[in-house]
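Number of protein chains: 2
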Amino acid sequence: GLCSDKVRFWKIKDGRSLLLPPCLVETPEAHVLERAVLESRVREVEEENRQIRLQLSQAQGTAGQAADVGNYGNAVWGASADTGPEDVENTAEERTNHTECPRSPMVQKCELIHVACVCAGHNASRDVVTLVKSILFHRRNPLHFHFITDAVANQILSLLFQSWMVPSVQVSFYDADELKSEVSWIPNKHYSGIYGLMKLTLTKALPSDLTKVIVLDTDITFATDIAELWAIFKKFTDKQVIGLVENQSDWYLGNLWKNHKPWPALGRGFNTGVILLYLERLRRIGWEQMWRLTAERELMSMLSTSLADQDIFNAFIKQNPVLVHQLPCFWNVQLSDHTRSEQCYTEVSDLKVIHWNSPKKLRVKNKHVEFFRNLYLTFLEYDGNLLRRELFGCPTQLQGALEELDEDDQCYDFRRERITVHRVHLYFLQYEYTLTGDETDITLVAQLSMDRLQMLEAICKHWEGPISLALYMSDAEAQQFLRYAQASEVLKNRKNVGYHIVYKEGQFYPVNLVRNVALRNANTPYVFLADVDFLPMYGLYDYLRKSVVQLDMAHAKKALVVPAFETLRYRLSFPKSKAELLSMLDMGTLYTFRYHVWTKGHAPTNYAKWRTATTPYKVEWEADFEPYVVVRRDCPEYDQRFVGFGWNKVSHIMELDAQEYDLMILPNAFMVHMPHAPSFDISKFRSSPGYRYCLQTLKDEFHQDLSRKYGAAALKYLTAQRNI
Amino acid sequence: GLCSDKVRFWKIKDGRSLLLPPCLVETPEAHVLERAVLESRVREVEEENRQIRLQLSQAQGTAGQAADVGNYGNAVWGASADTGPEDVENTAEERTNHTECPRSPMVQKCELIHVACVCAGHNASRDVVTLVKSILFHRRNPLHFHFITDAVANQILSLLFQSWMVPSVQVSFYDADELKSEVSWIPNKHYSGIYGLMKLTLTKALPSDLTKVIVLDTDITFATDIAELWAIFKKFTDKQVIGLVENQSDWYLGNLWKNHKPWPALGRGFNTGVILLYLERLRRIGWEQMWRLTAERELMSMLSTSLADQDIFNAFIKQNPVLVHQLPCFWNVQLSDHTRSEQCYTEVSDLKVIHWNSPKKLRVKNKHVEFFRNLYLTFLEYDGNLLRRELFGCPTQLQGALEELDEDDQCYDFRRERITVHRVHLYFLQYEYTLTGDETDITLVAQLSMDRLQMLEAICKHWEGPISLALYMSDAEAQQFLRYAQASEVLKNRKNVGYHIVYKEGQFYPVNLVRNVALRNANTPYVFLADVDFLPMYGLYDYLRKSVVQLDMAHAKKALVVPAFETLRYRLSFPKSKAELLSMLDMGTLYTFRYHVWTKGHAPTNYAKWRTATTPYKVEWEADFEPYVVVRRDCPEYDQRFVGFGWNKVSHIMELDAQEYDLMILPNAFMVHMPHAPSFDISKFRSSPGYRYCLQTLKDEFHQDLSRKYGAAALKYLTAQRNI
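One line per chain: the protein sequences are A and B, in this order.
Residue numbering for the first sequence follows the numbering used here, starting at 1 and increasing by one per position.
Residue numbering for the second sequence follows the numbering used here, starting at 1 and increasing by one per position.
In case anyone wonders, no lab produced these hints; they're calculated from the structure.
Bear in mind the structure is a predicted one, so any value in this text is a computation, not a measurement.
Where hints are given, some of them may not hold.
[Unchecked claim] In silico BS3-like cross-links for lysine-lysine, where the CA-CA straight-line distance does not exceed 30 Å:
1) A/Lys-367 with B/Lys-367
2) A/Lys-600 with A/Lys-492
3) B/Lys-367 with A/Lys-365
4) B/Lys-618 with B/Lys-495
5) A/Lys-189 with A/Lys-261
6) B/Lys-618 with A/Lys-109
7) B/Lys-367 with A/Lys-109
8) A/Lys-189 with A/Lys-204
[Said to hold, decoys possible] Here are some chain A residues pointing at chain B (derived, C-beta under 8 Å):
9) Glu-48
10) Ile-52
11) Asp-177
12) Glu-178
13) Gln-343
14) Val-369
15) Glu-370
16) Asp-451
17) Gly-506
18) Ala-677
All residues carry an ideal CB built from backbone N, CA and C; glycine is no exception.
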């Protein structure tokens, strides 16, 4: 029964059988035990010696010797590497957890560590960020992430890392779709779907000169420096090609329920959430053919995989046990139900990698789940900007832009803001949009921060078309937004809204930078450049699409103006028609926008003319005009030098005019500004005189740039400005 | 040495080949040989172990990792203590960093570690929290914090820790004022003032049976497990009584400027931001007399201390060098200007403790300041709730309350909220208030979260009296609030506003719990129970104080009602008088509060009667009455079972009535509700049916409690409820 199973298990696993199957331990052959004891004592002291030698050599500055000692140590590790799980509990590896430094002496300083991850879809792209943060938080080595991604994850992660700019981190992407054919023939019941199988194809997907890689699932959290895990490659015997942790559930024992028949595996089998892949050797032994043969043969009886790649890895290992290097279980603490993971750790310091491999994720029942959850939440809400720090003593290529700035410049903060790169996470939530056949579709483009979140539902009710929103938030706020969106019926049921997070940094609100993120990620030929505190009239979406055709926007440089109004009242019965709007204007329940404080912004709209207008009419640009317009997607972007508040829309309209866009007022369109408390940045900066001074400086610079770009014609803006 | 090392080194490698090939295992007689070989092998490596340890300790006089070697090394340490930094740079302790474990083997699992800290005033009480967080984040041992505090810090920190409820953390407080006499005779120029000197008195201040303690300044950040530092006590020689890091500035060299004459010190002297105090031994050698004698003698020529306790510690050590145990410099990396700290670390893993001992604090210029700042910010904004985790395998006393809850209860979340203890940080900002002579003073009591911050300035303009505000925020938001308040001219200049942070936890807004925090911390005989989105009429403060006398509140159970109105307009010209208010009511620019949505809340106020009333009039309680009232400070608290929204004020007024408070409407008082966007919690919960169901359950329970407390009379509330 079980015992003889185990015997076979051990024999196969361990040719040298230094250690015995549990059932044989009962036998009188005490010498075997003695030997085991002596053996481990030797290993113990040797490891101790290795440590002290290392100190000694370091003190004497003889690096070479240190390395040798290190290697010597490895040999010892190697010998102890492939012992059974019970034994792993007390190998030198674990014991040295308590005495060994997080920086494993076996990884060279600045040695590059490779990590591979299969990531597809919006949600996985969000989850993987927490994994990456937990790795970056502890890491001291340069890292190279290899992502196998679908189109969605590729778009999200490539911009995220590009804007994250973490020193000493490289990222490569590989198209999962190209790999599908490799595994699509395997019937798979696992929820991970076809992507769950792609880990099998890494030898083919990754560069042929990549020798080793750590492969991780997206639901992993690191509690230690990944270099410690990387170091274990050095402990592989010459035969070993793959490092894995034993599976911590009884699944593969096949006794979970009547007729439960899992794929073949050694004992409990192995979990593939964390894999050390020795790619070079895998290629040499012809892995690609081997796993296929295994899969084909097993599928004849099994018909389909239940746990995706894991079934195939295990069936493969069952046939080729010598190829596996078993990792101590704390390198993949599996939090599935009925997990045996608790036997893995007695100390916090034992915990290296946590694997949320239960469908329940954070809500999984576990004795120490509170601790695990806190660790996870730490990274979930951790400010990713803090991970941008340089590695000590490792060469990096920092943008010297900062150095060039003059710290004594009165507007240093403004200029600094201009070169600040904000992390961007595109499509933070599920997004589905299919281009309409006709070329008239329009995206509502807007930006907001936490304090305008309440507007989203209303806007969705007033605009049924696609929306591109950029949200300026901290990592923690983004999680708050996520909970809010997932709790809102209205938002849940809208899939054509793209939510793009621009992560907070610095003391200004980079409003135009945020607007540009929303603008760039609109996927329609036209965009409606709006603000989040406005509600479009009902039916505006359809009306604008008609107007786009009427006014032949496709072939003419035009900006269609949607006249703006405002209410100072909270509970407003929104006007159903232009007629109703006009009567509300007369009654004084509505006003033209900024009527009380700043009329110039919309004066050129000529509200008087609009009242009676039935056809679109062209107006001339005037200073400080800042209407809300519909333009072609290829319009100029917002000028990002304008941060905080002031001139952020004005400058954009000015540039449209400089590019000779016709400003056309739409006779039957309107939008209404809803009241809200003043935002921080306003209250913060309107007061400061320094702010006003710097804003003026920025304006002047902007004017100069305009004339440079558009020649003498642009001088009119400068004079217009002067005349105010 | 090196050559012979190599020889032995190679011999070891040969040695290993003595380990037997597996083939021998089979034959029985092999066992004897095996065993002999192994035993000799063990002897061999153990002998080697002794040899290299000796070498190592001789090479640079260190504690490797075993205590015996440690002690041997200490002698060398003591000797090297006064030989200056160059020597310290390459001590083994520093080197072993790269291989030494965060968890030093010299600290017992679950061994209690004692930390002492002098903390006075509002700002220090804020700073010390970041220090504590950094310690808790890395710690794996039970901790006992000993705080020497003034009254302010005592009040703040005692409630903070009491509400923080971190397992395995004890806190004791010692009255700094009682210690003042010990040091007040010492003239001190340092900005830390008299508190800067109190570290000298710890042998007296702390319990006489406390043998060892780590003493820390509040501007310290830990980057490692404090147990590592605690372990160094074991390396003290019998003579050594105090552990210190060398000072990393040239101050004590006395060559900073012409006639710069610092206090006497060994070389650069020592920094007292981090001290290992061996209290037991200090008491034995008569430290209290010794430092006094030193101070007295030096003061004859120096007249005053420049760096407070540090000058005296250094003068003392200069005379008694054998008493000091010099710590590796990474235990106190000093970020003052011109610091030599960079020579301390080559690796992140070297950094153990960062000391922001520059007046510039985070803005100090330093090559790696970005890294240090990120480390600091990590803890500054870190969610303190995540530090509430149990220690693995250390016994703790957790409140079993949670276990008792039934997870399947439909209102589990509500009930859970009731037993959740929220961290509270009282007086987050500077607060100064002196009781007025007469017994009539009134505190405006209110609560808010981030999205109402903009109201604060307006409220301060409308109410000149004391204010007690409870702010419901996350750790990160509290920092944002701090920046906001420090940037606001209005808030900066108001010292009689107490800001109390209640830290977010759970998914509900515990509105009544937050209100109670504000209520409890009002320091006047009367309180005005308001809401933050209301603006009191100008002069309300004075009017209420008069009314309190008129209506003899001191001797009668009365609740004075301030009638509530609302505007739906943002830019409101606030009514200067009741007359003006009435005309605005007629014009429809103002309404009675909740006129459009929920009149019952204020119906009993009887606005019609109020229009013409000139004297206070009594009204009877009615169901759902929720006026804003002035009551004696000793009024009942809000019922905390009501979370999120609904019934939180209603239940309070009901209880006032149950206690037979007279409800008196004030004829010449009013307040106006300012418009704002609906808050998250409303939009989130008003929709949910589960929420409505649970709210009803809570109401029923509340009614039952009322009848229990107030007998049959209270049944009227139930019936009143039913009749709705």
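Structure-based check of each hint:
1. Proximity of A/Lys-367 to B/Lys-367 is assessed by CA-CA distance (about 44 Å); at most 30 Å being required, the pair is judged violated.
2. A threshold of 30 Å between alpha carbons decides the hint, and for A/Lys-600 with A/Lys-492 the separation of about 39 Å lies outside it, so the pair is violated.
3. For the suggested pair B/Lys-367 and A/Lys-365, the alpha carbons sit about 46 Å apart, so the restraint of at most 30 Å is broken.
4. Straight-line distance between C-alpha atoms of B/Lys-618 and B/Lys-495 comes to about 36 Å, which puts the hinted pair past the 30 Å bound.
5. For the hint linking A/Lys-189 to A/Lys-261, the alpha-carbon distance of about 14 Å falls within 30 Å, and the restraint holds.
6. Distance hint between B/Lys-618 and A/Lys-109 is unfulfilled; the C-alpha atoms sit about 80 Å from each other, more than 30 Å.
7. Proximity of B/Lys-367 to A/Lys-109 is assessed by CA-CA distance (about 20 Å); at most 30 Å being required, the pair is judged to hold.
8. Pair hint A/Lys-189 plus A/Lys-204 holds up; C-alpha atoms about 24 Å apart against a cutoff of 30 Å.
9. Annotation: A/Glu-48 was flagged as interfacial toward chain B, and the flag holds, the nearest CB pair being 6 Å apart, inside 8 Å.
10. Hint status for A/Ile-52: holds, given a least beta-carbon distance of 5 Å to chain B, under 8 Å.
11. The closest approach between the C-beta of A/Asp-177 and any C-beta of chain B is roughly 38 Å, which is over the 8 Å cut-off, so the hint fails.
12. Taking 8 Å as the C-beta cut-off, the interface hint given for A/Glu-178 is violated, the closest approach to chain B being about 39 Å.
13. For A/Gln-343, the shortest C-beta to C-beta distance to chain B is roughly 14 Å, which exceeds 8 Å, and the interface hint is violated.
14. The closest approach between the C-beta of A/Val-369 and any C-beta of chain B is roughly 11 Å, which is over the 8 Å cut-off, so the hint fails.
15. Checking A/Glu-370 against chain B: minimum C-beta separation of about 6 Å stays under 8 Å; hint holds.
16. Hint status for A/Asp-451: holds, given a least beta-carbon distance of 6 Å to chain B, under 8 Å.
17. Evaluation of the A/Gly-506 hint against chain B yields a violated restraint, the C-beta minimum of about 12 Å exceeding 8 Å.
18. Taking 8 Å as the C-beta cut-off, the interface hint given for A/Ala-677 holds, the closest approach to chain B being about 5 Å.
Violated hints for the displayed structure, listed by number in ascending order: 1, 2, 3, 4, 6, 11, 12, 13, 14, 17.
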